[in-house]
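Colleague: If you want the building blocks of each chain, they are given just below.
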Amino acid sequence: MHIAEGFLPPAQAAAWTAAAAPFVVHGVHSLTRAVRADPEAKLLLGASGAFCFVLSALKIPSVTGSSSHPTGVGLGAVLFRPPVMAALGTVTLLFQALLLAHGGLTTLGANVFSMAVVGPWVGYAAYRSVRALASRLPEQTSLGAGVFAAAFAASLSTYTVTSLQLALAFPDAAGGVAGAFVKFATVFSITQIPLSVVEGLVTVVIVRLLSTVGREQLLRLGVLRGGTAAGAVDGPGADASDETAGPHEPTSGPTSEPTSDGEAKA
Amino acid sequence: MLTIDAEAYRSPWRTVHPAVKGVLFGGLLVCALALPAWPGAALAGAVALAFGLGPARVPPRKLLRTGLGPLAFIATGAAALLVSVGGPDGPIAWDPQGAARAAELTGRASAAVVCQLLFAFTTPLADLLPRLSRAGLPPALVEVVALIYRMLFVALDTARRVGAAQAGRLGYANRRNRVRSLGALGAALFVRSYDRAARLQRGLECRGYTGALTVLVDDIPLRASALAAAAVPAVLVAAAALTLGAWT
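Residue numbers (full-length UniProt numbering), protein chains in the order written: chain H, 1 to 266; chain W, 1 to 248.
Keep in mind that the hints were calculated from the coordinates and are not lab data.
Glycine is no exception: its CB is placed at the ideal position from the N, C-alpha and C atoms.
Which stretches of chain H does chain W cover? Using the computed rule of at least three CB atoms under 8 Å from a CB of chain W, they are:
id: 1; segment: 1 to 7
id: 2; segment: 39 to 50
id: 3; segment: 198 to 206
Build the full structure now, drawing on both the sequences and the hints.
Modeller: As structure tokens, this is what we get:
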């Protein structure tokens, strides 16, 4: 849910930009450090950013019949960690504003705060807690539950923060900020709550498929337990653990079918 | 290609320096936000449209189609201002000042969206991005941003082809299939993006890649007179709006 250009009063737009700035600066710092440590990371970060953009440009069906765009921030936070996601998310939102007219330039700060700061952190916190709680369960189950929680919580928190931003900008005549929050949250809940559930389900499918076909990348990113738990761009060390972690998962089977479904050059 | 970017490349204003277009549409955007919505935002929107549809020859139908998304958001958000909740008249009541507030917000935000869209419709991102590093952003970030921009069209194309192949196999025939297909699309996209990045890395290394991707940027001279001329419409709109506002 992107706040359109000109929707927020200038002072509030500036305040949200200031609130998002430290997170984005931290994200850019960790991105720069990652690129300096491993030059190969630059291209992978480029690929990750493009992936985030395309993911958020997909149309997913909502229960009410309308279709809407997923945020993709939950998956992004699990795959790339919230600090990197703050930087990648900001770039994605800038591109969305200039290439797709989703969101604005003066409202970029507010959108970054909800979609590249709060969403990823809440999603990541949900993911870590579910993974910790479900640590006794088989990896596929715990991963699926964690990823669903991440995508659902990230999408829902993004929507809540956006409603709050709108409520602070336009308090209700009688009910104040709380009343306005209820209004905006209700108006947008028609699309956003079913969307969060669908996004959670789609994200589970993505990660389940990736844990078979993209195992190497997930280990490298530290999403699967076989890999080292270090950052998004941990180099050759993570690759070495690939062999030791191999046999837990089937490398082919019914779950890999839909990927061949998606083959373009069939 | 994406509509906005394709139109930006075709725009007769592509040869105009991005800073000049930024001052023109940015100035009008500031007018739309800062001046009283009536007549300030209306004037700013009208002037921006006159420039966009006139000399910049932005196709009106494509502009409208692209603008529908943000306009739908504005309409939904403004509709919430029509009612008030928790007042003495019951849980949900008609707000007497709501219509005026909603109209003001709709006018202001629509004018701002028009200014933003017209800038995007006349300036390709590829002309804008290399200039970001001169604006003081860290070079590593600018390079990652430029890489994202270059890779995203290939990724979008991949997503479109995978989607078409899935639809051809009834992948979107019912809700269950839709979720499954979208998940498969996302996974395929991720694997292919990473694979493509690795291959690109190898290809670049074979050509002596040291970490810097240098591209040629069309050297457009930036004249102070052009910048000053671009600021004139915004100043005139502000003056006209304030005079009209004082009259009424």
